[in-house]
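Hints in hand, dock the two standalone chains.
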Amino acid sequence: MKKLFCCAALFFCLYSLPLQTNAQQTFGFSQVVYDDTSNTVFGFSTTIVDYVGAFHYSAYVEGYLYNQAGDLLDSGYDENYFFAEVVTIAPAFPITQYTLYSDHYLVARYFVTVDVRECDPYCYYCFDYFLDPYCDYYCYGCYRNSWWDPWGFSFLGPGYYGPWWYFYGYGPPANLEVEYIYLGTTSDSIITPLPQPPQCGNLRVEVGSFYGTDAGSELTGQTRPVLLGSVTALAAQIIPNTAGAFRWSIAGAHQDSPSGSGNSANDIRWTEEGTHRVTVTFVKSDGSCQASTSFNVNAVVPQLGTYMVRQNVEQTRLNGNCSRLTGDTFSLGCFPSPLGIMFDVTAQAPANSISVPSDSNIKFVQLVSQYRRRYTTPYGLQCLTSRTGGIADTVTGWALDGDALGGADPYDSVHGVAHFTNSYIATIASNDSPANPLNNPVQYQSLDVNDQFEMYVVYFVGDPSHPDLARVIGKVSWYWGGYVIFVPDASDYDLDPFHLFNTTFFGSPTNDPMRPYTGVAKVREIDWAACPEFNPPSCDPTGAQAEACRNRGWRFEWNPDTCTCEYIGYEY
Amino acid sequence: MRSGVILAVVTLLLFSVWARTQKAVNGSQKGNDQSLERLDRVMEVSIMPVGYSRKDGTYVLKQEFKTGEPIKVALLITNNSNETLVIDKGDRSFHYRPRLSKDGKQVHYLKGVQKSIDSKDKYGPNGLSPVIAESLEPNKQTCVDYINLVEWYGPLEAGHYELTLGHRFHQNGPHVQSNTTTFDVVP
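Protein chains in written order, with my numbering: chain C, 54 to 625; chain Y, 325 to 511.
Worth flagging that the hints you see were computed from the coordinates, not collected in a lab.
Treat the hints with caution; some may be incorrect.
[As the list claims (entries may be wrong)] Derived CB-CB ranges, DEER-like:
#1 C:Tyr432 - Y:Leu385: 23 to 31 Å
#2 C:Asp88 - Y:Lys390: 49 to 57 Å
#3 Y:Gln465 - C:Leu522: 29 to 37 Å
#4 Y:Glu388 - C:Leu522: 25 to 33 Å
#5 Y:Lys446 - C:Asp545: 41 to 49 Å
#6 Y:Arg365 - C:Thr266: 45 to 53 Å
#7 C:Ala445 - Y:Lys446: 26 to 34 Å
#8 C:Glu259 - Y:Ser405: 54 to 62 Å
#9 C:Thr441 - Y:Val474: 25 to 33 Å
#10 Y:Val474 - C:Thr266: 37 to 45 Å
A virtual CB, placed ideally from N, CA and C, is assigned to each residue, including glycine.
Pulled out of the complex, with its shape left as it was, chain Y reads as follows (with noise of 0.2 Å):
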């Protein structure tokens, strides 16, 4: 009797020590994902069109180019909050969504880059590709990435195209939408 009484205290402790763990974890885990879904609320996010300048020596606003000329576009995120926030880079079919349409009519992604997207969206990161980190001052438009639009589309043909950028910050989150912008490419 006197065991089964010690055996009933020990195992209560036992759970008590395991529901704080499960407690604490699970904290944690909310807490990441309060902080991560935070990021989608004070970022905003915008995007242009530009080519590299030697003049300037660097990239800089550009909405008309030539057919086979490198098409980038500047991501520029805005941390609206009070605090210095960290986002991560490197992965960029996991975090871009870009949404391109020439003369109305919607651009398809290429065959591989397709599936690449849709292994990430099935899956989320895995930290295989650079897991690069990207302070954002408070208040304050930080040029992100050059994203080149010949990676996801191949060479573009000659016409009047709009794009916009989703943004994801973490798994799970959503696509944060960036402005639409507009560029020409001709022969």
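This is chain C alone, in the form it adopts within the complex (with noise of 0.2 Å):
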């Protein structure tokens, strides 16, 4: 019945719709539906002219209703201004084929004389005797009376389509003998149910979870969440006891494996976030009746709890071989105490879930944006960097953080991962401690340092490194860097840095994807390179007078863009 309303809704649309297009359509519509209360067949064959259309033209429909052994069950027909319709009937018998043909056509409302202008051989209509010169008698004039197809539907050539159609006046006016203009032919079909057996007055169905903080309480008539992705372990039971099995039908894209006596239980994965409705049906072992419970779950994506990164500052030391490299070195922090930066979050799904918690994940992914520019007396000026555009361009060069070998996802596959817990909660911590050699394996005169990170917290189902399925959930952006160089002087370094004291920050929840990443991260040593934003410029192709420059000292350094070397020892 419900779809029946909706037809009609869909009528009155399409009715209204050429109001404002102007468009000369008419909609043909069949439609078949099976009553299980009545158990009987309906077939609704239905014409609609549009407003503009009803002017000239009267809605007229056939319908005819036949069972699958090609028997007319039932047939009728209709005509009226805008909408014609023809209901057909038949009683329905189980797993039987029944179709519905509905021929659809437009009457033509008015008729007009026509002066007829050809002859036919034998004068039949017209007497022109001057005009026609097969004529041989005196013609005084000739009319005829004719149905008026004013959009010209009698130029469509009908077929037969499918459950509806529109079809279009394409053609010229046109002036017929007959006023009903045959436009096609829809159909539709359906196969009857197996007869269902009635209900069993003495059972009762009962659901539960094998998980969730009620563990095996009656789900019938709840709404339960249950977290995207992961196993939902329901359970079915009939009360009292009988022989006989479980039938599960399961809204919303979704796996499931039934399984357990009877299929009394079933493992179900939904893969389509929202509402979705789980109905077990019992029926008993000899078919004489059978009993159902139903209830919905709403699956979703845990959400970001909090997200909470304390960053220490940037730092130069002798010798102080921070993240356990050789000698004087730049870092954030310096491993292992202080580490740079550390990440804790948590995550929460609704308490009342029902999915098996541990069965859904979080992990953290990074992505970076390198770029690192140093000035060695052996090698001059050099970058390690995946960007196109230099220091300023933090738009290129993203990719997912790691090391020589490629990216790591996750990030940290131990600490980084974490499971939820019975009570929906799931917790993972991490940290950083970038750094940079300052005289290893050469002498740097200089470095800038300018790495952009943005750390996701994506929740998963399955395989951490190749999950089921993946959504980020939460992300924080941060950077670390600053302007390192070396006074031989006074055998130290200068530091502008990007961080002046440690800061605590926070990330944020988001349902946006990671950022594309298509670089690569340059990790070694090898890897050093001519910077992007430096190409040589034309007065020094060479390279040559740079290197002269160099060799003059720290207080020089070359000005590509003057091609001089400048002294710059006073700044310091």
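Listed below in structure tokens is the structure:
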């Protein structure tokens, strides 16, 4: 019945649509429905003429309802100004195909008197002796009454269609000898279901979950959250205990695997967010009756709870060995103490969820856009970056953070991955202490570091490296760097850091996917290369002048823009 | 003459300050080296092949893999000292040296991996890879990482494999050798 209301609404929309578009169109529709209460098949055949068309045409439809043997079970017709509909009816037999054919027509409403200009050989209509060389006697004139087809529907080639079709009046105006204009035929078909056994008056089905704070309790009629993609382990029972089997009807995109005695248990994974209905039907082993129950699940993605970040300051240390590097170092914090940056995250799902908590996980995934520029006497100015636009370009050069073997996902495969607890809370923590050597393998004269990071919190199910489903739920952007210059006279370094104080800040929830990353993280000593923003100037294409300038010592710096060796010693 | 004496005293003072500073720096360096060398002595490295189990929600021991399946090795480190020690991880081509043999014959690293390893052997770590602190509690075995063999060797063909891992805790340190573990890859 609900379907019929929908159809009625659709018809109304279609009827009113031409008011705006002024199109010359007609809509034909066929629908067969099965009514299980009366065990009857109904066929609805409909032709609708739009508002403008209804001035010139009436709607007409013929409906023919057949069974699978080709027997005509019922037929009928209807004609009306805008909306013609005929209902055909037949008693329903189980597992039988019923097909409805609807022939759609327009009926021309007006006829006009036409001046016949042509003549037939027998002068039957026309007696125009002077105009018609075939007529052998005097002709006074000729008129004929014709049906008026102003939108040229008669030029439409009729055809067979599915359950509905739009028929458009493409042709020029026409005068017709018949008033019924055949447009085409639509059809619809159904197969009636197996007969349902009656409800068992004395039996009751209960369904419950193996997990959740109230595991095992009856779920009938409730709506309970489940975590997207994770297993929801359900069990059904029949009270009182009776021989038979369970059938599971599960809405929403999902995977399931019924098991247990009579399929009494089922592990279901929903892969589509939203509310979905679960119906469990028990059929007695003799098929004499059935009982069912149902409840709803709301498949959700867990939310970010807290995301705290504690970041230390940048520092240079003589023989600092920070981050386990050799010799002088420039680093964020100074691993092993203090650490450069620490991430602490909690995520939570609704406490009344019923999915298996340990099947849902969160992890860190870090992206980096690295930029390091150094000046050394043997090699001159070099960069280690995947950016195409240089130091200020924070759009390109993004890569999955990792090492020379490639990006690491998850970022930290042990502490950066956790599954949800029985109270549907997950906690992960990790850290990073980026650094750069300052005198290994060569003495740096200067170093520019501008590393940008995005640390994502990702909800996932399955293998952390190859998850079945993954969604970003949180993100924080952070950076470290500064400008370091070696002061030989003092055998020390001057530092202009990005951060002067330790800071604490917070990541934020997000549903946006991770930034696309195409760059490759360059992490090896042998990856140092020419800087993207410093192409050799035409005045010094070989770099010989720049080399000579470098050889003059740290007080001199080559300026590629002016091609001069500038004295910069006074600045320090 | 007087100014000469003053100059000599000042020079002597400056030299003593410089010498003390150098001693402190060298002492700190030496202290660092000693604490790092201690890691080599007290850490015990072991490995086992694992596969992810959805049922258990974690990686579990697995000794037979199908071709094309991810083959991971859990890295377990036991801190045999009486205090919590911190190691760093994140730079796999510096820390790890797996040695894999198939049916008794050594399997070579991927070409790019060998190049990275050579770079790390020559220059050491450089702070460009993640530097992740891992605290190891005393007298306890801790799972530190899951090593993906495909990243080192590419997809493995069917056969019987033996694997040993060398773990380097710091630059110029030895590769502390793990146990030898075996697994099979089947079509």
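Structure-based check of each hint:
| no. | hint | in the structure |
| --- | --- | --- |
| 1 | C:Tyr432 - Y:Leu385: 23 to 31 Å | violated (48 Å) |
| 2 | C:Asp88 - Y:Lys390: 49 to 57 Å | holds (53 Å) |
| 3 | Y:Gln465 - C:Leu522: 29 to 37 Å | holds (32 Å) |
| 4 | Y:Glu388 - C:Leu522: 25 to 33 Å | holds (27 Å) |
| 5 | Y:Lys446 - C:Asp545: 41 to 49 Å | violated (27 Å) |
| 6 | Y:Arg365 - C:Thr266: 45 to 53 Å | holds (48 Å) |
| 7 | C:Ala445 - Y:Lys446: 26 to 34 Å | holds (33 Å) |
| 8 | C:Glu259 - Y:Ser405: 54 to 62 Å | holds (56 Å) |
| 9 | C:Thr441 - Y:Val474: 25 to 33 Å | holds (30 Å) |
| 10 | Y:Val474 - C:Thr266: 37 to 45 Å | holds (41 Å) |
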